[in-house]
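Enquirer: With the hints as constraints, model all of the structure from the sequences given.
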Amino acid sequence: NKIVADMLGYESVEELTKEFKFSEAYSPERRLELIRILEQEGTLTDFEIEVKKKDGGKIDLIISAKIYPEDGYIEGAMIDITERKHLESQVRQAQKMESIGTLAGGIAHDFNNLLMGIQGYTSLILNDLNPGEDHYDKLKNIEKQVKRGAELSAQLLGFARGGKYDVKPTHINKLLKKSAEMFGRTKKEITIREKYAPDLWTVKVDRGQIEQVFLNLFINAWQAMPDAGDIYLETSNVVFSRSNTKPLEVKPGKYVRISVTDTGIGMDEQTASRVFDPFFTTKGVGRGTGLGLASAYGIIKNHGGMIHVYSEKGRGSTFNIYLPAVDAKAEPILFHDEGEVKTGKEEAILLVDDEAIILDVGEEILDALGYRVFLASGGNEAIEIYKENKDKIALVILDMVMPGMGGGETYKALKSINHDIKVMLSSGYNLGGEAAEIMKQGVNDFIQKPFTMTKLSHKIRNILEKK
12 NKIVADMLGY ESVEELTKEF KFSEAYSPER RLELIRILEQ EGTLTDFEIE VKKKDGGKID
72 LIISAKIYPE DGYIEGAMID ITERKHLESQ VRQAQKMESI GTLAGGIAHD FNNLLMGIQG
132 YTSLILNDLN PGEDHYDKLK NIEKQVKRGA ELSAQLLGFA RGGKYDVKPT HINKLLKKSA
192 EMFGRTKKEI TIREKYAPDL WTVKVDRGQI EQVFLNLFIN AWQAMPDAGD IYLETSNVVF
252 SRSNTKPLEV KPGKYVRISV TDTGIGMDEQ TASRVFDPFF TTKGVGRGTG LGLASAYGII
312 KNHGGMIHVY SEKGRGSTFN IYLPAVDAKA EPILFHDEGE VKTGKEEAIL LVDDEAIILD
372 VGEEILDALG YRVFLASGGN EAIEIYKENK DKIALVILDM VMPGMGGGET YKALKSINHD
432 IKVMLSSGYN LGGEAAEIMK QGVNDFIQKP FTMTKLSHKI RNILEKK
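For the sequence shown, our numbering gives the first residue as 12, with consecutive numbering after it.
Treat each hint with caution, since some may be false.
Here are the simulated distance ranges between beta carbons [claimed, not checked]:
no.	residue 1	residue 2	range
1	Glu144	Asp431	39 to 45 angstroms
2	Glu351	Asp378	14 to 20 angstroms
3	Pro180	Glu476	26 to 32 angstroms
4	Asp145	Lys265	55 to 61 angstroms
5	Gly87	Val337	51 to 57 angstroms
6	Ser270	Asp378	48 to 54 angstroms
7	Asp210	Lys32	37 to 43 angstroms
8	Glu395	Asp210	54 to 60 angstroms
9	Val337	Asn141	34 to 40 angstroms
10	Arg326	Val250	45 to 51 angstroms
11	Glu476	Ile136	26 to 32 angstroms
12	Asp139	Ile474	23 to 29 angstroms
Because the hints were derived from the structure by calculation, they are not lab data.
Predicted model only: the values in this text are computed from it and were never measured.
Beta carbons: idealized from backbone N, C-alpha and C, even for Gly.
Expert: Rendered as structure tokens:
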């Protein structure tokens with residue numbers, strides 16, 4: 012009938028009858044299964060099958076049918092379930108990504124705590140040495156490897172949690188241009204071509220995380236062009252209404268689109284469908300972790316946006332990022348140098364962490380920086396120590412994830428003792444979820460493990476000297 016003809020892309024019933032070939036429209040296995048059931052049982056109920064349309068595309072159908080042998084005909088009905096199958100696939104993908112993300116986040120958190128021990132003791136020894144002295148260069152190399160480990164961990168956390176802490180209204184053109192310049196300095200064989208919309212809307216993002224996304228996309232493009240090539244960067248304003256949001260899974264509204272296109276080897280449809288899966292990589296052993304694009308996916312999703320890829324084998328790839336636009340003036344992009352170690356003035360600091368190695372190295376670092384130190388291995392102990400010494404303790408450095416009484420509950424209890432308490436959150440996780448909510452309740456700052464002695468010293472002085 013006409014409905015079936017329309018469903019399969021034929022202009023008329025006559026064209027359908029003439030051109031539709033039953034033997035070619037289905038996979039041989041499913042076609043034989045359909046015939047077997049009809050021959051044995053005489054009826055077919057809710058039989059799922061993929062059918063080839065006139066234009067070569069495919070749709071998913073549910074077929075129910077009954078044979079009337081005495082009359083020599085089959086009566087049946089078909090329902091197009093293509094959209095339903097697509098939605099089911101999206102739900103399964105989301106559930107898979109969430110499960111892997113939870114696992115990845117836990118691994119990254121524990122790994123960062125291990126790195127903190129290495130970084131902490133390395134910082135302590137370096138603090139006693141001058142450049143050129145024995146082992147100084149070796150220790151600096153250890154520090155570099157810790158940084159590489161932390162970057163790998165950040166990729167895991169980017170995928171798992173998205174990490175959206177220091178959010179500011181941002182002109183994405185400037186951030187993208189800055190990231191491209193930094194990447195271009197190290198990859199002279201790549202030509203970067205830029206086309207930025209001059210009237211681009213403002214977005215509200217964690218600049219460090221979005222820079223990580225850009226870097227991951229640049230690296231992916233570079234690896235797809237082994238014999239050099241071009242990277243095209245383009246920005247534009249787009250508006251999505253309810254009618255055109257479905258393919259990208261975004262809410263209706265104003266968005267900024269960032270496009271990163273390469274002239275590389277491209278991907279087939281199957282590879283492109285898996286490109287954001289963590290640990291999926293087409294590169295050889297030692298050439299990639301398979302985390303870069305998964306991390307980009309997690310970060311953009313956590314910013315309320317979407318990242319989409321279009322690619323053809325042999326014709327390069329285009330990654331489109333969509334970030335929600337905001338009605339706010341962009342804040343300037345500043346550059347910071349870690350600088351020199353800042354010493355304390357014998358203020359007392361309460362360090363709270365359930366990891367013994369963190370307490371040990373933390374105590375030594377704080378002592379070397381010129382602070383008096385109280386230690387607590389959990390929330391309950393921290394509360395008791397603070398009650399007895401609240402007039403002495405100038406700052407609490409509080410681990411976020413602890414067994415029993417976690418960082419959030421501990422902070423609330425400490426805040427009830429002293430409303431003006433100064434607290435710095437510390438965690439192997441990046442700052443999202445519960446920690447981000449606690450920051451809004453009056454926590455002074457956050458530091459992610461592993462951190463250097465210099466970085467910690469600056470954050471402490473910034474808190475204690477702030478009027």
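Enquirer: Run every hint past the structure and note whether it holds.
Expert: Status of the hints after comparison with the structure:
Checking the proposed 39 to 45 angstroms range against Glu144 and Asp431 shows it holds: the Cβ atoms sit about 44 angstroms from each other. Between Glu351 and Asp378 the C-beta distance comes to about 19 angstroms, which sits within the given range of 14 to 20 angstroms. Evaluation of the 26 to 32 angstroms hint for Pro180 and Glu476 yields a pass: the beta carbon distance comes to about 27 angstroms. Distance hint check: the CB atoms of Asp145 and Lys265 are about 59 angstroms apart, consistent with the given range 55 to 61 angstroms.
A hinted range of 51 to 57 angstroms for the beta carbons of Gly87 and Val337 is consistent with their spacing of about 53 angstroms. Between Ser270 and Asp378 the C-beta distance comes to about 52 angstroms, which sits within the given range of 48 to 54 angstroms. Between Asp210 and Lys32 the Cβ separation comes to about 53 angstroms, which falls outside the hinted range of 37 to 43 angstroms. Between Glu395 and Asp210 the CB atoms are about 58 angstroms apart, so this pair conforms to the stated range of 54 to 60 angstroms.
Between Val337 and Asn141 the beta carbon distance is about 48 angstroms. The supplied range of 34 to 40 angstroms is therefore violated. The supplied range of 45 to 51 angstroms is broken by Arg326 and Val250, whose beta-carbon atoms lie about 29 angstroms from each other. As the Cβ distance of Glu476 to Ile136 is approximately 28 angstroms, the hint placing it in 26 to 32 angstroms holds. The hinted window of 23 to 29 angstroms between Asp139 and Ile474 holds, with their beta carbons roughly 26 angstroms apart.
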